[in-house]
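2 protein chains.
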Amino acid sequence: MPDDTLLHFEDMPPGTVFPLGPKHVTADEIIAFAMEYDAQPMHLDAEAGKQSILGGLAASGWHSCSMMMRMMAKSYLLRAAAEGAPGVDFVKWKKPVLAGDVLSGETRVLDGRASQSRPGIGILHLRHELRNQAGETVLESENPVMVRLRNPESADI
Amino acid sequence: MPDDTLLHFEDMPPGTVFPLGPKHVTADEIIAFAMEYDAQPMHLDAEAGKQSILGGLAASGWHSCSMMMRMMAKSYLLRAAAEGAPGVDFVKWKKPVLAGDVLSGETRVLDGRASQSRPGIGILHLRHELRNQAGETVLESENPVMVRLRNPESADI
Chain H
1 MPDDTLLHFE
11 DMPPGTVFPL
21 GPKHVTADEI
31 IAFAMEYDAQ
41 PMHLDAEAGK
51 QSILGGLAAS
61 GWHSCSMMMR
71 MMAKSYLLRA
81 AAEGAPGVDF
91 VKWKKPVLAG
101 DVLSGETRVL
111 DGRASQSRPG
121 IGILHLRHEL
131 RNQAGETVLE
141 SENPVMVRLR
151 NPESADI
Chain P
1 MPDDTLLHFE
11 DMPPGTVFPL
21 GPKHVTADEI
31 IAFAMEYDAQ
41 PMHLDAEAGK
51 QSILGGLAAS
61 GWHSCSMMMR
71 MMAKSYLLRA
81 AAEGAPGVDF
91 VKWKKPVLAG
101 DVLSGETRVL
111 DGRASQSRPG
121 IGILHLRHEL
131 RNQAGETVLE
141 SENPVMVRLR
151 NPESADI
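If you read the protein sequences in the order shown, they are chains H and P. Per UniProt numbering, the first sequence starts with residue 1, numbered consecutively. Per UniProt numbering, the second sequence starts with residue 1, numbered consecutively.
Honestly, the hints are just simulated from the structure, not real lab data. The structure presented is a predicted model; accordingly, all values stated were derived computationally and were not measured. Wrong hints could be hidden among the right ones.
Since the list gives no way to pick out one identical chain from another, each pair is judged satisfied if it fits inside one copy or across any two copies.
Keeping only pairs whose Cα atoms sit at most 27 Å apart, straight-line, the calculated DSS-like set for lysine-lysine is [unchecked claim]: (1) K50 to K95; (2) K74 to K92; (3) K50 to K74; (4) K94 to K74; (5) K23 to K74.
Could you build all of it, start to finish, from the sequences and the hints given here?
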């Protein structure tokens, strides 16, 4: 049975902004992710990080994306009629995410349209941005997300 | 001291192909990643997955990217003079990655150039593709990766 309390496509018009974070990034979780998925020295060891371009113990870029996903889930996706995403338009890792950083930012709905191929589904084009405690942008990304329509028969989609 | 045994920029010319995988994807690791980073029902529960567009217990797209990163590390990055990546050009999650899938594929070097802003660094443009045991492409991505030059003074870069 459809859950009317969930955010549907129509509840997230262009211009809608959802806050992300704050998220405190610890050395332990940077190292844990790296040991599992990205065991390059600058993600495992503070000294190796200092000697690298990144300048310190730095999160794997995919870890930063995964932390962003957790912030998105907490902020809006877990209370939305979301059906996943077909991909990511781009990710820019603009600055290293270092142990001790506190990340926050927002997702902005850029536009939305009904899916051509999937009845009852709308596609939202989202822009995500994360900044560190100094206000420096560390991550920018955009991607399409599938969300169920509240009124699939509505003519104004 | 530089490690001459590492793969440097000059050792990875356009056309170079590195194999990825095979990687057997288990339900346990799909759920573990989801609980940490992407707790949407289709990534946590087989029944919810079946009722979703994804058709079964499906890995978070970011989990698929992270698994690909692990395959890349194992195949070539951990033996390369790699200095991280500025971002990702795109990711296409073309098919769901389901519990029990076996993923394999390859990274292909599309082109390379010396960094304009970072002396001693070359930038390789890489294309990654993962397929499941049925030969269906599940993930496509391209991104630039920074790798140290073996001969920074070489005129033919």
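Going down the list of hints, with the structure as the test:
For the homomeric pair K50 and K95, the shortest alpha-carbon distance inside one copy (14 Å) is at most 27 Å, but the shortest distance between copies (39 Å) is not. For a Cα distance limit of 27 Å, the shortest separation of K74 from K92 qualifies both inside one copy, at 22 Å, and across copies, at 24 Å. In the homo-oligomer, the alpha carbons of K50 and K74 lie at most 27 Å apart only across protomers (23 Å), although the nearest pairing inside one protomer, at 32 Å, exceeds that limit. Proximity of K94 and K74 under a CA criterion of 27 Å is satisfied in both settings, with 24 Å inside one chain copy and 25 Å between copies.
Taking the closest pair of Cα atoms, K23 and K74 come within 27 Å of each other only inside a single copy of the chain (11 Å); across copies the shortest separation is 30 Å, beyond that limit.
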